[in-house]
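Start from the sequences, fold in the hints, and give me the full structure.
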Amino acid sequence: MDATGVESATEDAAEVESAPALTSRRRSPQPRMLIRPVVIAVLFLFVLLGLPSLFSDYYIDASTQTAIYAIVALGLGLLVGRVGMVSLGQAAVLAMGAWVAARLLFATGLPFPFVLLASGLITMVLGTLVGLPALRLSGLYLALITLMLAGAITVVLATTNFPNGGHGFLGYNGSSVHIPPIRRPSIAQTDPAFFRYSVIVAGLMFLLALGHLRSKPGRAWAAIRQSESAALAAGINTTLYKLWAFALASFVTGVAGGLLAGSLHYLYSIDFQTQDSITLLAVVLMGGAYSLWGAIVAAFFLQFLPELFTNWGISPDWLTILFGVGVLQVLTTAPRGIVDQLPKDLARLGRMLARLVRRPTPSTSGET
Amino acid sequence: MTVRFGGVTPLDKMSVRFETGTCGLIGPNGAGKTTFFNVLSGFVKPVSGSVTAFGEDLLRMVHFRRARWGVRRTFQTEQAIEELSVFDNVAMIHEHSKLGGGSRRQEVIDAIRFVGLDIDPDTRVGGLGAGQRRMVEVARAVVGRPRLVLLDEPAAGLPDEETGHLGDVIRRIPEQTGGMTILVDHDMSLVSACCEVTAVLDFGKLLASGPTAEVLRDERVIRAYLGTEETG
Numbered sequence: 001m002d003a004t005g006v007e008s009a010t011e012d013a014a015e016v017e018s019a020p021a022l023t024s025r026r027r028s029p030q031p032r033m034l035i036r037p038v039v040i041a042v043l044f045l046f047v048l049l050g051l052p053s054l055f056s057d058y059y060i061d062a063s064t065q066t067a068i069y070a071i072v073a074l075g076l077g078l079l080v081g082r083v084g085m086v087s088l089g090q091a092a093v094l095a096m097g098a099w100v101a102a103r104l105l106f107a108t109g110l111p112f113p114f115v116l117l118a119s120g121l122i123t124m125v126l127g128t129l130v131g132l133p134a135l136r137l138s139g140l141y142l143a144l145i146t147l148m149l150a151g152a153i154t155v156v157l158a159t160t161n162f163p164n165g166g167h168g169f170l171g172y173n174g175s176s177v178h179i180p181p182i183r184r185p186s187i188a189q190t191d192p193a194f195f196r197y198s199v200i201v202a203g204l205m206f207l208l209a210l211g212h213l214r215s216k217p218g219r220a221w222a223a224i225r226q227s228e229s230a231a232l233a234a235g236i237n238t239t240l241y242k243l244w245a246f247a248l249a250s251f252v253t254g255v256a257g258g259l260l261a262g263s264l265h266y267l268y269s270i271d272f273q274t275q276d277s278i279t280l281l282a283v284v285l286m287g288g289a290y291s292l293w294g295a296i297v298a299a300f301f302l303q304f305l306p307e308l309f310t311n312w313g314i315s316p317d318w319l320t321i322l323f324g325v326g327v328l329q330v331l332t333t334a335p336r337g338i339v340d341q342l343p344k345d346l347a348r349l350g351r352m353l354a355r356l357v358r359r360p361t362p363s364t365s366g367e368t
Numbered sequence: 369m370t371v372r373f374g375g376v377t378p379l380d381k382m383s384v385r386f387e388t389g390t391c392g393l394i395g396p397n398g399a400g401k402t403t404f405f406n407v408l409s410g411f412v413k414p415v416s417g418s419v420t421a422f423g424e425d426l427l428r429m430v431h432f433r434r435a436r437w438g439v440r441r442t443f444q445t446e447q448a449i450e451e452l453s454v455f456d457n458v459a460m461i462h463e464h465s466k467l468g469g470g471s472r473r474q475e476v477i478d479a480i481r482f483v484g485l486d487i488d489p490d491t492r493v494g495g496l497g498a499g500q501r502r503m504v505e506v507a508r509a510v511v512g513r514p515r516l517v518l519l520d521e522p523a524a525g526l527p528d529e530e531t532g533h534l535g536d537v538i539r540r541i542p543e544q545t546g547g548m549t550i551l552v553d554h555d556m557s558l559v560s561a562c563c564e565v566t567a568v569l570d571f572g573k574l575l576a577s578g579p580t581a582e583v584l585r586d587e588r589v590i591r592a593y594l595g596t597e598e599t600g
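Just so you know, the protein sequences line up as chains A and B, in that order. Here the first sequence is numbered in the numbering used here, starting from 1 and rising by one per residue. Here the second sequence is numbered in the numbering used here, starting from 369 and rising by one per residue.
Keep in mind that the hints were calculated from the coordinates and are not lab data. Do not take every clue at face value.
[Unchecked claim] Short derived list, chain B residues pointing at chain A, Cβ under 8 Å:
1) F411
2) R436
3) R441
4) F443
5) Q447
6) I449
7) E450
8) E451
9) M460
10) I461
11) E463
[As the list claims (entries may be wrong)] Distance ranges between label pairs, derived from CB positions:
12) D271(A) to E450(B): 38 to 48 Å
13) S229(A) to H533(B): 24 to 34 Å
14) D425(B) to T320(A): 41 to 51 Å
15) P113(A) to K413(B): 45 to 55 Å
16) R473(B) to S227(A): 22 to 32 Å
17) L117(A) to N397(B): 55 to 65 Å
18) R473(B) to I35(A): 49 to 59 Å
[Said to hold, decoys possible] Cut-off 16 Å, straight-line C-alpha distance, at most; resulting in silico cross-link-like pairs (EDC-like, lysine to aspartate or glutamate):
19) K216(A) to E451(B)
20) K413(B) to D425(B)
21) K216(A) to E463(B)
Only a predicted model underlies this, so the values are computations on that prediction, with no experimental measurement involved. For each residue, glycine too, the CB sits at the ideal point set by N, CA and C.
Below is the structure:
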């Protein structure tokens, strides 16, 4: 008890110290405002250029999946964190995106970026339909209805199957012996190249989301999240902006589905389960639904950690328990997720260490 | 106008007329003050009656369009958006109203200065104190030349000195915006300091209306507030 009291007191002191820094920022905004973009750009370039040479093929594949699922988590984070709408249908939306992209890649010779765009746009229309109940429902009921819709979509996908180069609208050929792989873009045939391709697309999707959050829709979403009646009184067409959020989330998820189709080469309906949406929500909450970084952390949990566990000889099934504990911890003590909590905890640890280091110094100086 | 929720009739054949300037609306708890605001901002539909403001029928407009037309309100529980900065909070209202026309940035800064907030506009509202957040809400209500500003107990929970500052700001709203203000509050000194005219509601009916000082001396008003002895 005492220790936490001391901690919060020091935190307050730190905030007071930062107050003059805030006012001084107005006078010379350039250096401070540039640091963040530069750090992010360097990080991005490292991931793009450095990471593939450091990793084995095994981890490059896991990294590609992480980049793709970061986009999916970004979409769900927008809905949950920014607008306050809990959707348990995002994994099904991802499956729809993958289906559309696979169908287009088999049926047409369109360049890969166009296919991504098309699958994003078509998924946007379908996903917005999934979001329609959000106009009348919220909270648990919205979560339930989207979960049921996701279940229905999963059933439809299981009966129609994913396209495998066959003819007709469904593009499925059940009797074919030789199944051609889903093609990748010509510039990204190899795994490291496709990883880079995915990271760049993910970067674009994050920029798209950031652009929205920094402008009119982002402000409107923040208002809706806090209080719908206050948003209405502010002149916000809440129906429009809620659907807009679902449209944006579905668009990015559809693009992610296109990347997924290219990265996996083969799609099977058994790989898309209704309950994946629940795990997705869990990791998004753990990562931090209110932060764009949280989406990356969430994807790391969902796609990279299982591979690490497998490599270490631990069953990835343990992760389900770990996620459960993690969500519990986030909901009770750190509502803004790990991206918010970890730096705070590290700073706290740093102060503790600094105090430990500082304490012996006066005693030694006393002796000498 | 009449408003009914099932068997409850919060506003019963109530008819009131406000002139331009700052008008007070008072009454005991449950008198129908907030319901009246909810009718004006479109959250509640009256079963009968009409609302005419500046020659236009408000009831025919959907709620969010009324805000664009120029109805602004603050809420009993303050509703400044915590996640956004002070600037974004005010700018948000401006970008959804079709009024005004000058530079948005300038008008937003003007509104923040008007309510006397001397802080960095980029500060997040979530980190502000109750008094400052209340002023952010008032800034949201006055930006972009509103026509009808509804203030629902803006002084609730504020210390006396901040209420005094709030009163100064409210008094200057009509000349700043050119619109009309209706103030609901239980703080009679604030109401009499801000409003030339005041209407009193009790059990959904208009009890009295007229110049504030006269209304506050009205015997029926005092009785409504202090309760009546059952003498008939």
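Evaluated hints:
no.: 1; hint: F411; in the structure: holds (6 Å)
no.: 2; hint: R436; in the structure: holds (5 Å)
no.: 3; hint: R441; in the structure: holds (5 Å)
no.: 4; hint: F443; in the structure: holds (6 Å)
no.: 5; hint: Q447; in the structure: holds (4 Å)
no.: 6; hint: I449; in the structure: holds (5 Å)
no.: 7; hint: E450; in the structure: holds (6 Å)
no.: 8; hint: E451; in the structure: holds (5 Å)
no.: 9; hint: M460; in the structure: holds (4 Å)
no.: 10; hint: I461; in the structure: holds (5 Å)
no.: 11; hint: E463; in the structure: holds (5 Å)
no.: 12; hint: D271(A) to E450(B): 38 to 48 Å; in the structure: holds (40 Å)
no.: 13; hint: S229(A) to H533(B): 24 to 34 Å; in the structure: holds (27 Å)
no.: 14; hint: D425(B) to T320(A): 41 to 51 Å; in the structure: violated (58 Å)
no.: 15; hint: P113(A) to K413(B): 45 to 55 Å; in the structure: holds (50 Å)
no.: 16; hint: R473(B) to S227(A): 22 to 32 Å; in the structure: holds (26 Å)
no.: 17; hint: L117(A) to N397(B): 55 to 65 Å; in the structure: holds (58 Å)
no.: 18; hint: R473(B) to I35(A): 49 to 59 Å; in the structure: violated (25 Å)
no.: 19; hint: K216(A) to E451(B); in the structure: holds (14 Å)
no.: 20; hint: K413(B) to D425(B); in the structure: holds (13 Å)
no.: 21; hint: K216(A) to E463(B); in the structure: holds (7 Å)
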